[in-house]
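Novice: Sequence:
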Amino acid sequence: MEPNINNLVSVIIPCYNDHAYIEEAIGSVNNQTYKNVEIIVIDDGSGTETKEILKNIKQENLTVLYQENAGPSTARNNGIIHAKGDFILTLDADDYFDATFVEKGMLVFEKESDVGLVTCNAYVFNENGIIDEIISKEGDVIHFFLNNSAIGNSLFRKESWSAIGGFDEDMKKGFEDWDFHIGLTKANWKIKVIEEYLFYYRDKPNSRNSQADKLFKYDLWKYIYTKHKDLFLDNHELMIHTIFSQMEVLEKNCHTLRGSIDYKIGNKLLKPFRFIKNFGLKRK
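Using the working numbering, you'd call the opening residue of the sequence shown number 17 and step up by one each time.
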């Protein structure tokens, strides 16, 4: 079964200094088996090299918008405002999709009118090849509130984006995709996972996502939980149970770590240094 090709899909690609990858991202859209697409690249205040590459890409269904650097949420919202399609595919400029993703996602929308967003499993890769996998999970609003399992690059109805006010432009440091998934399920849209590896996520050491997880994670958690505190208050017993369950898992992991050979060897190697440190403190 093939999807109705009359439905235009608008592909939104925020781009910030991604001159090394943007052509590969656009190429993955051009290679889709579903052909009724337009591509909107939003240059989010990139330098000269990226702007030159974008200027030299010539294809009829491609539009490039320019804005001052404001972050992915603003770039996506800007692109979607200009989109002609009723279905939106978001794609970061350094990632790419399998050629069949849009076709398979559009079939889901035709079969299930209450689905607001379609995603899939993903391969994580770097210059050495595939290094990890991401298994996406379906669930209700509580599931997404408790688990940041959102893959940012996904296919969704423009109607569902509009219903929740788009991407949160205050979340400039990351996790806006998590918030978007919470918002959709909170508004009673379903999220559907195609249980295939149809997305390729590029792992970069200093990427915005890695920085968000390392440097801003607790601030972003606090923002999410405060913004959606009604979910916590309405489901406090489940939330408390989940917190204690996670604490229990953490404690078991710590116990396992302390019993490991690597930990014991490291502990013995560091013992003389702790003696020196304590000796210095006693002398003071």
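Please keep in mind that the hints were generated in silico from the structure rather than gathered at the bench.
Note that the structure is predicted; figures quoted are calculated from it, not measured.
Possibly wrong hints are sitting among the right ones.
To be verified - Below, in silico cross-link-like pairs of lysine-lysine (DSS-like), each with a Cα-Cα straight-line distance of 25 Å or less: (1) LYS220 - LYS202; (2) LYS127 - LYS189; (3) LYS174 - LYS202; (4) LYS127 - LYS100.
Said to hold, decoys possible - Label-pair restraints from in silico Cβ distances: (5) GLU39 - LYS268: 27 to 37 Å; (6) GLU128 - ILE21: 13 to 23 Å; (7) LYS233 - LYS268: 13 to 23 Å; (8) ASP102 - ARG274: 52 to 62 Å; (9) GLY43 - ASP250: 18 to 28 Å; (10) LEU266 - GLU68: 44 to 54 Å; (11) GLU119 - TYR139: 16 to 26 Å; (12) LEU249 - TYR139: 35 to 45 Å; (13) MET17 - ASN269: 12 to 22 Å; (14) LYS189 - VAL80: 21 to 31 Å; (15) TYR241 - THR64: 14 to 24 Å.
Virtual Cβ for every residue (Gly too), placed ideally from N, Cα, C.
Novice: Taking the numbered hints from earlier one at a time, note which ones the structure violates and give those numbers from smallest to largest.
Specialist: 1, 2, 5, 9, 13, 15
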